[in-house]
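Chemist: Chain by chain, the residues:
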Amino acid sequence: MNDLKSLIACHECDLLHQRRPLPPDATARCVRCGAVLYRRKRNSLDRVLALTMTGLVLFIVANVYPFLTFRLEAQVQETNLVTGIVELYGQGMWIVAGVVLMTTIVMPLLELSGMLFILVPIKFRRRPWKLPLLFRSVLSFRPWGMMEVFMIGILVAAVKLVKMASIIPGTALYAFMVLIFILAASAAALDPHIIWKTLD
Amino acid sequence: MKTSTPTARKASLISCHSCHLLSKAVSIAKNQAAYCPRCGARLHSRKPNSTARTWALIFAAFIFYIPANVLPITTVISFGKAQSDTIMSGVIYFVKSGSWPIALVIFVASVFVPLLKLFLLTFLLISVHRKSRWRPKDRTRLYRITEAVGRWSMVDIYVVTILVALVKLGSLATIEAGPGAIFFAGVVVITMFAAMSFDPRLIWDAQESHDER
Numbered sequence: 173m174n175d176l177k178s179l180i181a182c183h184e185c186d187l188l189h190q191r192r193p194l195p196p197d198a199t200a201r202c203v204r205c206g207a208v209l210y211r212r213k214r215n216s217l218d219r220v221l222a223l224t225m226t227g228l229v230l231f232i233v234a235n236v237y238p239f240l241t242f243r244l245e246a247q248v249q250e251t252n253l254v255t256g257i258v259e260l261y262g263q264g265m266w267i268v269a270g271v272v273l274m275t276t277i278v279m280p281l282l283e284l285s286g287m288l289f290i291l292v293p294i295k296f297r298r299r300p301w302k303l304p305l306l307f308r309s310v311l312s313f314r315p316w317g318m319m320e321v322f323m324i325g326i327l328v329a330a331v332k333l334v335k336m337a338s339i340i341p342g343t344a345l346y347a348f349m350v351l352i353f354i355l356a357a358s359a360a361a362l363d364p365h366i367i368w369k370t371l372d
Numbered sequence: 189m190k191t192s193t194p195t196a197r198k199a200s201l202i203s204c205h206s207c208h209l210l211s212k213a214v215s216i217a218k219n220q221a222a223y224c225p226r227c228g229a230r231l232h233s234r235k236p237n238s239t240a241r242t243w244a245l246i247f248a249a250f251i252f253y254i255p256a257n258v259l260p261i262t263t264v265i266s267f268g269k270a271q272s273d274t275i276m277s278g279v280i281y282f283v284k285s286g287s288w289p290i291a292l293v294i295f296v297a298s299v300f301v302p303l304l305k306l307f308l309l310t311f312l313l314i315s316v317h318r319k320s321r322w323r324p325k326d327r328t329r330l331y332r333i334t335e336a337v338g339r340w341s342m343v344d345i346y347v348v349t350i351l352v353a354l355v356k357l358g359s360l361a362t363i364e365a366g367p368g369a370i371f372f373a374g375v376v377v378i379t380m381f382a383a384m385s386f387d388p389r390l391i392w393d394a395q396e397s398h399d400e401r
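Protein chains in written order, with the working numbering: chain A, 173 to 372; chain B, 189 to 401.
Everything labelled a hint here was simulated from the structure, so no lab data went into it. Predicted, not measured: the structure shown is a model, and the values here were computed from it. Fair warning: there could be bad hints in the mix.
Stated by the list, open to error - Just some of the chain B residues that point at chain A, by a computed CB distance under 10 Å:
#1 T195
#2 A229
#3 Y281
#4 F282
#5 P324
#6 R332
#7 D344
#8 I345
#9 A369
#10 D387
Unchecked claim - Take a look, some chain A residues computed to stay more than 10 Å from chain B by CB distance:
#11 P196
#12 T199
#13 R211
#14 R214
#15 R298
#16 Y346
#17 F353
Said to hold, decoys possible - Facing chain B, a subset of chain A residues (Cβ under 10 Å, in silico):
#18 A269
#19 M323
#20 A329
For each residue, glycine too, the CB sits at the ideal point set by N, CA and C.
If we strip away everything but chain B, and leave its shape as in the complex, we get:
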């Protein structure tokens, strides 16, 4: 298989990212676009500006990650006293009250997964820039992980939504969402876009350009 792997790009074909129909790549003028003859999606041999877009989104997410964790995501107002909670203090509360599994769910979904995603995408981007040939199959697998786990980080936002809906007891107890929730929702949405904008085929392109030599 080492000798000349047949890829769509080498065969001058473009695979439609939506319906997977192959089209012949015809040379088109710079500002023109080609569309899939079957489903009408725009054709790209690789996702456009994949690395630049992914870098930009990763940086934005890293910046949002800090206020998301430092600012409170909920404020409980009970008998005039306000108590604010950040994501981490919520985790600590569950650990102290003995709800270990819940503490673990929140920690993994809200703290660990977003960071893991950001570091994995950064690693993949650097490896693509360096035209690394190190274990492309495993790197593709890492990409699949970043794509699959991202949505689960939304858990904390939903917890806040439900708490806010249920605890409206006037002066007795009221829960309000804090500014951290805005940044946290931002981190989840931005990292999902970042994972979508990365093109795993770039991992394999380095492999092929080496094989040709």
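One chain only, chain A, in its complex shape:
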């Protein structure tokens, strides 16, 4: 039997393929169903580490500084990212508050900090603590972080309120907008196979 590590099965149609070395930034696709089998990224780990650290700083800024300010004549209402969640919880909507908390704060934070715990030791040639569990968790959190969807939500809410009062964007909003691009770039730069290979 040939080496199992030189083979890969398509995760969408189960077809077996021989792994071949790819040129940088190339993608190997399944010949039968077209699913992405694996990718090769240039400096994947370094880039993801840099983006993750940037992301964490922006995440803190986005949560600490005022997000949006709502002004109607003399009334000024300043909000943070969590204000809406607290307000929903106060209205007895704890399920909705929980879903919003998980998808906009908890999951993105776990994803970013998990990646940091994995990548910093690898950078210093050490074995990360509980790597298999940690990386599996990070990958499973990923679909539940929905910051980019939240951004569209802000846009819609702003259009809805703009006739009623003035909406002033805060520091956190700008940090949030950059964070979305950082997260997308980090996901695009990640080659999971390199991380799994450190376990071999």
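Since the structure of chain A is provided, determine the placement of chain B on it from the hints.
Modeler: Positioned in the frame of chain A, the structure of chain B alone reads:
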């Protein structure tokens, strides 16, 4: 390629769904589990009880979809008067006020996408049960669509969150979330789990069992 397509299952291999390492499928006792030697994830040749789980989640989502659209998702209280809005009345408000693009975003994300997802998954499940051999590549593509678009339905929940946070002006104007929001958040989360529990490899299994004959 028609003659005996080499799949992991035919080669008695199991692909780890997490790190993609192939392991030899050894026969194990009924209630025992096999784990990936590299990353420790539980090994399954196919996602466990994929069709039963997906059916159950689809039915739950269909049931939630009705109150999500009938019950109000926001209530605006202004000078003692309360006005409730459902998802559809929100869309109509935007159409009337001329914000066509926003109306379209809300309609597509909140009304069209959840229904599309539910119908696509139902169609895929029926095709798997019938061991259909019709255009497996296109059906896999449909599955990818259901997986990718689901998260965007959350938009309305976030709009409600932001409105509730911003509009707290006492007796002047206050916005409260309505019970429809609970069901709507339920629809989004349940359909995401439904898409995750469906195994696209089932689409191709029918293909292979036919080729062998």
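Chemist: Quick check for students: does the CB of F353 of chain A sit more than 10 Å from each CB in chain B?
Modeler: holds (17 Å)
Chemist: Under 10 Å, Cβ to Cβ, is where P324 of chain B needs to be relative to chain A, so tell me if that hint holds or is violated.
Modeler: Result: holds, 7 Å to nearest chain A Cβ.
Chemist: Holds or violated: is there a CB of chain A closer than 10 Å to the CB of Y281 of chain B?
Modeler: holds (8 Å)
Chemist: Once the shortest beta carbon distance from D344 of chain B to chain A is found, is it less than 10 Å?
Modeler: holds (8 Å)
Chemist: Return the status of the interface hint for M323 of chain A: holds when the least beta-carbon distance to chain B is below 10 Å, violated otherwise.
Modeler: For M323 of chain A, the interface hint holds, since the closest Cβ of chain B sits about 9 Å away, which is under 10 Å.
Chemist: Grab the minimum C-beta distance from T195 of chain B to chain A and call the hint holds if it beats 10 Å, violated otherwise.
Modeler: With Cβ-Cβ at 4 Å, under 10 Å, it holds.
Chemist: Against chain A, is R332 of chain B within 10 Å by beta-carbon distance?
Modeler: holds (8 Å)
Chemist: Hey, does the D387 of chain B contact hint survive, CB to chain A under 10 Å?
Modeler: holds (9 Å)
Chemist: For P196 of chain A, which was marked as not at the interface, is the minimum beta-carbon distance to chain B over 10 Å?
Modeler: holds (20 Å)
Chemist: Regarding the assertion that T199 of chain A does not contact chain B, is the least Cβ-Cβ distance greater than 10 Å?
Modeler: Fine: 15 Å to the nearest Cβ keeps T199 of chain A off the interface.
Chemist: Quick check on A269 of chain A please, does its C-beta sit within 10 Å of some C-beta on chain B?
Modeler: holds (8 Å)
Chemist: A cut-off of 10 Å on Cβ-Cβ distance, and R211 of chain A was said to be off the interface with chain B. Does that hold?
Modeler: Fine: 12 Å to the nearest Cβ keeps R211 of chain A off the interface.
Hint compliance for this structure: no hint is broken.
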